[in-house]
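Numbering (the numbering used here), first residue to last: 351 to 744.
Honestly, the hints are just simulated from the structure, not real lab data. Among the hints, a few may not be true.
With beta-carbon atoms standing in for the labels, derived distance ranges [claimed, not checked]:
1) 477 / 414: 20 to 30 angstroms
2) 712 / 594: 21 to 31 angstroms
3) 508 / 580: 18 to 28 angstroms
Don't be surprised by glycine CBs; every beta carbon is placed ideally from N, CA and C.
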Amino acid sequence: MLKKNIRLLYLLCFLQGMVFYGPIATLYRQARGVTIGQITLIESINLGLSLLLEIPWGVVADKIGYKRTFVFCTWLYFASKLVFWQAEGFGWFLAERLMLSVVIAGLSGVDSTILYLSCGRPGTPGALDSQKVFGVWDSMGTAGLLFASVVFSVWVKEDYSLAAFLTVLSYGAAALLALGIEDVEAPASSGESSAEGFGSVWKEIFQNRSLILFLAAGALLGETHQTITVFLNQLQYEACGMTSGVIGLVYIAATLLGMAGQYSSEATHKLGLPRALFGFSGCAAAACLVLAFTRSAGASVGAILLLRLSHSLLLPLRMQIQNQSIQTKNRATALGVQTIFTDGIAVGTNLAFGQLAERSLPGAFLFGAGISGLSVVLLAVWYRAHRRRTRAAQ
Numbered sequence: 351m352l353k354k355n356i357r358l359l360y361l362l363c364f365l366q367g368m369v370f371y372g373p374i375a376t377l378y379r380q381a382r383g384v385t386i387g388q389i390t391l392i393e394s395i396n397l398g399l400s401l402l403l404e405i406p407w408g409v410v411a412d413k414i415g416y417k418r419t420f421v422f423c424t425w426l427y428f429a430s431k432l433v434f435w436q437a438e439g440f441g442w443f444l445a446e447r448l449m450l451s452v453v454i455a456g457l458s459g460v461d462s463t464i465l466y467l468s469c470g471r472p473g474t475p476g477a478l479d480s481q482k483v484f485g486v487w488d489s490m491g492t493a494g495l496l497f498a499s500v501v502f503s504v505w506v507k508e509d510y511s512l513a514a515f516l517t518v519l520s521y522g523a524a525a526l527l528a529l530g531i532e533d534v535e536a537p538a539s540s541g542e543s544s545a546e547g548f549g550s551v552w553k554e555i556f557q558n559r560s561l562i563l564f565l566a567a568g569a570l571l572g573e574t575h576q577t578i579t580v581f582l583n584q585l586q587y588e589a590c591g592m593t594s595g596v597i598g599l600v601y602i603a604a605t606l607l608g609m610a611g612q613y614s615s616e617a618t619h620k621l622g623l624p625r626a627l628f629g630f631s632g633c634a635a636a637a638c639l640v641l642a643f644t645r646s647a648g649a650s651v652g653a654i655l656l657l658r659l660s661h662s663l664l665l666p667l668r669m670q671i672q673n674q675s676i677q678t679k680n681r682a683t684a685l686g687v688q689t690i691f692t693d694g695i696a697v698g699t700n701l702a703f704g705q706l707a708e709r710s711l712p713g714a715f716l717f718g719a720g721i722s723g724l725s726v727v728l729l730a731v732w733y734r735a736h737r738r739r740t741r742a743a744q
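Working from the sequences, and respecting the hints, build out all of it.
Laid out in structure tokens, this is it:
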């Protein structure tokens with residue numbers, strides 16, 4: 351168990367959560383000459399490139415060590431924020447997202463692997479509850495975003511460029527801290543070639559059909575939350591007649607709810623796994639339905655907050671289940687394969703959300719309700735298979 355790594359990753363997550371332009375992420379891009387359709391197109395390109403880079407990065411991380419991969423990607427993350435700060439028009443924002451694709455693919459599986467292995471082997475003396483650690487980790491990012499949101503509302507306000515510059519500073523500090531991370535595991539044995547290692551990992555994951563359903567459900571729920579709470583919420587608020595000041599306050603409230611992830615483990619133990627899974631995912635579908643049929647500011651805010659809360663409680667549970675499903679030593683490669691699958695789904699959902707939002711915002715929310723409802727069904731099928739395997743192992 352490496353408590354130093356856990357503390358550093360908590361602090362890194364806090365610093366990288368300090369996105370000072372968060373409350374006006376969509377409005378910032380629109381002010382710099384990018385439409386909502388172009389925003390979602392850029393996001394889809396970003397996810398597509400991340401998908402292509404997942405496996406190469408996973409293999410590299412397993413070979414050269416997780417720390418080297420983590421440090422490189424953290425510094426590139428810092429560089430991408432510099433580009434974002436100076437970006438104007440579609441081309442520059444696309445360039446920033448292409449850099450981010452490399453970062454996302456590189457960090458995918460690496461950061462969570464470092465955190466998971468730093469908790470100690472499950473069942474051994476002194477080992478930490480990884481779901482709880484993941485929850486605190488996610489909450490630290492939310493705490494950073496909360497701090498940045500308060501600074502934006504009180505001080506930055508309409509100065510979009512200053513908001514981007516302050517974000518550059520926080521990501522620069524995170525890059526410096528990354529140098530203190532310790533490797534949690536030696537690189538994978540060279541007895542197995544990269545191609546053979548990838549092939550065995552791919553076979554292991556995709557022979558587990560119920561896991562595929564779980565990953566698909568997670569991808570649909572995750573992208574629904576991401577697209578609505580980051581991009582479409584601001585359009586809904588404007589349609590309801592809310593002012594920028596009120597939008598900023600609601601953003602702070604949503605950010606506070608993001609810290610609920612640290613209570614995910616306790617909520618899951620109290621409710622039980624099936625009720626937690628179906629309750630959290632069902633709330634997401636209900637929130638999208640409300641957004642589709644209301645122009646009330648109060649109802650819209652309530653739905654966004656419910657969507658945020660359900661995601662915050664579900665995410666640590668998803669991460670724990672995905673990590674526990676991995677049996678191979680090549681953990682970064684395995685998580686990379688999982689991310690390829692989820693990113694492939696995300697590319698399609700992003701494009702669909704963008705096209706629907708340009709035509710009809712309620713239509714985009716109905717789409718979110720539909721795919722969230724589908725996720726509930728997929729999770730139900732996964733849970734039945736999981737329960738059968740658990741009983742057979744007893």
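Here's how the hints hold up against the structure:
One distance hint, 20 to 30 angstroms for the beta-carbon pair residue 477 and residue 414, holds here, with the actual separation near 27 angstroms. A C-beta distance of roughly 23 angstroms is found between residue 712 and residue 594, which places it inside the suggested range of 21 to 31 angstroms. For residue 508 paired with residue 580, a C-beta distance near 20 angstroms keeps the hint of 18 to 28 angstroms intact.
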